[in-house]
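Student: The whole structure should be built from the sequences, with the hints applied where relevant.
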Amino acid sequence: MGCEMCVLECQQQLKSAGLEGSYIRILRDLNDGAKFVVSVDPKVEELNIKRVIKSCPKEVFEEVEEDGA
Amino acid sequence: MEPKKTLFVNLSQKTAEMQLLPELTPCVGGVTLGVKLYSLYKDFDPVVICVGPLNGFFPFASKTCFVVQNDGVMEDLYIGGGLSFRLKFACLDALVLAGSSSEDVILDITNDEVKFLDAQTDLDSLGLPGKRSILHMKKDSLLLDGYFGFDLGILEKKFLAKKIFGFSVTGTKKVPILGSAKYMTLFNDILGQKELVNAQESNCPSCSGCPLGCDKSQTGEMGGNILVHSLVACGYAENIYSNLGMVFACLDCLGYKYTHEQLEALPDLFTKTLKEIS
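Chains as they are written, first to last, in my numbering: chain A, 25 to 93; chain B, 3 to 280.
Each statement offered as a hint is correct.
Restricting the straight-line Cα-Cα distance to at most 27 angstroms, the calculated cross-link-like pairs of lysine-lysine (DSSO-like) are: (1) LYS196/B x LYS74/A; (2) LYS39/A x LYS7/B; (3) LYS59/A x LYS141/B; (4) LYS78/A x LYS218/B; (5) LYS176/B x LYS67/A; (6) LYS78/A x LYS184/B; (7) LYS175/B x LYS67/A; (8) LYS196/B x LYS82/A; (9) LYS39/A x LYS196/B; (10) LYS175/B x LYS39/A; (11) LYS196/B x LYS78/A; (12) LYS59/A x LYS175/B; (13) LYS176/B x LYS74/A; (14) LYS175/B x LYS78/A; (15) LYS39/A x LYS259/B; (16) LYS184/B x LYS39/A; (17) LYS165/B x LYS44/B; (18) LYS44/B x LYS16/B; (19) LYS59/A x LYS140/B; (20) LYS78/A x LYS176/B; (21) LYS218/B x LYS59/A; (22) LYS196/B x LYS59/A.
Just so you know, these hints were derived from the structure itself, not from any lab.
Tutor: Here you go:
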């Protein structure tokens with residue numbers, strides 16, 4: 025929903041702040057500000073995923089196994 | 003402490019320059035910085051856009067401050083959305099839009115670089131996805147990130163007079179967090195105080211750095227607590243960010259060496275600057 029708490033969490037785990045190099049990016053729709061696309065870099069696996077999932081107040085993220093199970 | 007970084011955009015001359023003015027350091031940020039910059043550039047009737055030291059780092063420090071003069075009265079307005087993060091990670095403390103363009107213009111700002119584009123430019127083509135925030139005129143209303151706006155039409159009037167059709171701000175700088183453990187403790191402390199925020203959790207689009215998504219985020223704020231608005235925290239989080247001890251600790255862990263006395267003096271500094279303007 026645009027809070028970017030997951031972006032903050034990813035960057036905190038990398039001991040930095042900023043939007044550059046974040047493993048998660050939130051893309052807003054200019055014509056409809058209520059729509060968002062969440063872009064997740066596979067490198068997010070390098071981080072503590074449980075903390076990233078927990079950072080989202082809307083529980084957008086779900087951890088899945090590589091085979092999708 | 004590093005001097006405040008101001009990107010000064012002269013709309014009349016279509017020029018932009020980064021300014022480092024040591025006299026701005028006591029202003030901390032937000033409304034105090036905004037009125038000081040207005041006083042320095044009042045001959046240009048500027049729109050001054052400011053963030054504060056905690057934007058991009060701490061929860062509920064989620065607004066962006068606009069300082070303008072409206073019918074002879076200084077107004078400080080606060081908008082939600084993602085602009086504060088983009089300005090902060092463009093490593094800007096303030097953006098000054100001075101003078102007026104001779105024709106409708108769109109500004110494409112990436113860090114300290116400014117492109118002056120014609121009003122037909124597709125705003126969606128500007129900046130970098132995920133790292134940009136776009137403010138544009140839509141049906142005579144200014145809209146940030148397709149959702150966030152202001153009441154009253156004060157900024158719209160100003161933007162129309164300056165012939166600014168919109169702007170995109172992209173921030174691509176990365177800032178190391180030095181005192182990481184202390185920072186994380188404070189971050190989680192503040193996040194754990196969301197019951198102190200005078201807004202209900204909802205499913206509306208959220209401002210960057212705020213997990214609440216409240217229904218008040220769509221329209222901005224106006225006026226209020228000088229310390230809170232110097233930090234450009236959300237006004238509804240006043241119960242958190244009017245706590246001087248907490249604010250001091252947050253600033254300290256980010257490397258801002260303001261004293262308690264300097265923070266306590268912000269309302270006086272604000273009032274004194276207003277007197278200079280009038």
